[in-house]
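Asker: Residue strings, one per chain:
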Amino acid sequence: MVKVLVIAEHDGKRLNASTAKCVACAAAIPGADIHVAVLGENGERVAREATSLAGISKVIQIDNAANAYPVAAVLAPQIAKLAAAYTHILGPSTTFGRDLMPRVAALLNVNQISDIMQVLGSHTFKRPIYAGNAIVTVEAPAGHPVVGTVRMASYRGVDNTGKAATERASIGVELPKHTRFISLQAGKSDRPDLQTASRVVSGGRALGSSENFGIIFRLADAIGAAVGASRAAVDAGFVPNEMQVGQTGKIIAPELYIAIGISGAIQHLTGIKDARTIVAINKDGDAPIFEVADFGLVGDLFKLVPELEQALKS
Amino acid sequence: MDKILVGLKRVVDYNVRVRVKSDGSGVETDGVKMSINPFDEIALEEALRIRDRGEAREVVVVSIGPSDAQQQLRTGLAMGADRAILVETSSAPDPLTGARILLEMVNREKPDLVILGKQAIDNDNSQTGQMLAALWGRPQATFASKLALDGTKATVTREVDSGLELLEVDLPAVVTVDLRMNEPRYVKLPDIMKAKKKPLDQIALASLGISTGAVASVTAFEPPQQRQKGVMVSDVAGLVAAMKDKGLL
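Protein sequence lines, in the order shown, are assigned to chains A and B. Following my numbering, the numbering of the first sequence begins with 1 at its first residue and continues without gaps. Following my numbering, the numbering of the second sequence begins with 1 at its first residue and continues without gaps.
None of these hints come from the bench; they were simulated from the model. Accuracy of the hints is not assured; some may be wrong.
[Said to hold, decoys possible] Just some of the chain B residues that point at chain A, by a computed CB distance under 7 Å: (1) N125; (2) Q202; (3) A204; (4) T219.
[What the hints assert, rightly or not] With the C-beta cut set under 7 Å, the calculated list includes, among others, these residues of chain A facing chain B: (5) A27; (6) T94; (7) A186; (8) E242.
[What the hints assert, rightly or not] Footprint (simulated), chain B over chain A, 3 or more residues, beta carbon under 8 Å: (9) 49-58; (10) 72-80; (11) 108-114; (12) 159-170; (13) 234-241; (14) 287-295; (15) 300-310.
The C-beta atom is built at its ideal place from N, Cα and C for all residues, glycine as well.
Just chain A, same shape as in the assembly:
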């Protein structure tokens, strides 16, 4: 019997799109019966949203004041206790899941399968190493729980046609007080979310300043795209860290990715190689970004980007 527990990612109000992708990965495990765990302070709204995830049979709602904000040291012992009834425990390979799931794995005395990109069998998975320069097939040991994180760019979320039931549960386990959430300084934006947007426009160091980055935002708004950036642009302080795309930032797979003034360091390409179509605009015709771009345009971005914005608006 294959029983999969997916750990929901949420902000207390809405389910993160990463959860539907984890369910899609779980559904690829042969014979999986899938439950989704919502750990929150008052998770009713999120749990209700989760019941519509296609392919799951149950939502488990665990309310506890200590779960108001996801702190790995607090969530992990609860999940480890829940895990006794499951063969697989999956979370997203987002900063939420990458922080939490290894702590769960250690409590269960197993290694984690990080960044699952394909399921080949109940214990056999493909995952990338060396910034995606190699793909390995990994076999988790039989007779032990499988703990894994799901690579977001490899899965499309399941749809919301499900009708699962919710079950409330309380978990009798002592929770540590040594780790305390203070605050979250989140970038506010009316634009689409970078990780789930079907179109993304990114800018690089060549933009030169925070003010100049405005042309990237305007182009993005003209086509309803999310905005990303290269590490160089983030390091230079043009835009905040949550906009970074690449090996150490967000790994994304939009339908359309437009890279502007980004040379295409291997670490950046790691973050975009699953994009359906890549468009690159750069003044250096030899930039490595053109090796992976479907459409390339060489020239001055300060002239070309406003021109493109106008063309796409009309």
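Starting from the structure of chain A, add chain B where the hints point.
Answerer: Relative to chain A, chain B alone:
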């Protein structure tokens, strides 16, 4: 505080374009340049800055790996670490075994703070720090870009998907660092000479009595699918036409 423990992993240098061997048995590592995992270098730099501000007495670097990992520990000593420990293994262990070995080092050294890189750039697992914190029963603050110490507590700024999170942890704790925490110093020649005289203890893994347990096995290596180079367009009108042709607009 008294002591900070920093982990240094020996990995293929980040500038090397790693390739899968033609027979699929692994990746090409013969004759390839090896370095300290870049995230671990940032971890060490942070520890050194804390010590140099007078907020810690000693920085100890630990590596787990083959005898050759002494090179990376010597580099760490040249950067300014006070002493080094190599836990000798035939190859780098899996994350859980690595965490158990680090826990044994923690029990021996009793550090107030452990700083590690957020992931190693070879296997990209991003597990060891979180696992050490779990086994130790202590706080973890992962993906840190800022670390402020205040007596028995630390306040850590974490780079999370939605922005910057502030977490307060009681010490001792495990912190794993992200790229923007600092820029590691360059090692100068006189420091390399000095580092040769600093203590580097070697411990055989067998002497620690740590069992490796059930480990996931890698059964195949393959190169990733390559994207094909596309077409170059000459102007914005050409680009818009090409995008329309592909049904993107």
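Asker: Now, for every hint given, state plainly whether the structure supports it.
Answerer: Evaluated hints:
1. N125: holds, 5 Å
2. Q202: violated, 26 Å
3. A204: Hint on A204 of chain B: violated, closest Cβ of chain A at ~23 Å, above 7 Å.
4. T219: Holds, about 5 Å.
5. A27: Hint violated; A27 of chain A Cβ to chain B Cβ min 22 Å, cut 7 Å.
6. T94: Check passed: Cβ of T94 of chain A comes within 5 Å of chain B, closer than 7 Å.
7. A186: holds, 4 Å
8. E242: At 5 Å from the nearest chain B Cβ, E242 of chain A passes the 7 Å test, so the hint holds.
9. 49-58: violated (count 0)
10. 72-80: With 3 residues in contact (Cβ-Cβ under 8 Å with chain B), the coverage given for the region 72-80 of chain A holds.
11. 108-114: Contact hint for the region 108-114 of chain A vs chain B: holds, 6 residues under 8 Å.
12. 159-170: Per the Cβ count (0), the hint is violated.
13. 234-241: With 4 residues close enough to chain B, the hint holds.
14. 287-295: With 6 residues in contact (Cβ-Cβ under 8 Å with chain B), the coverage given for the region 287-295 of chain A holds.
15. 300-310: The restraint on the region 300-310 of chain A holds, since 3 of its residues have a Cβ under 8 Å from chain B and three suffice.
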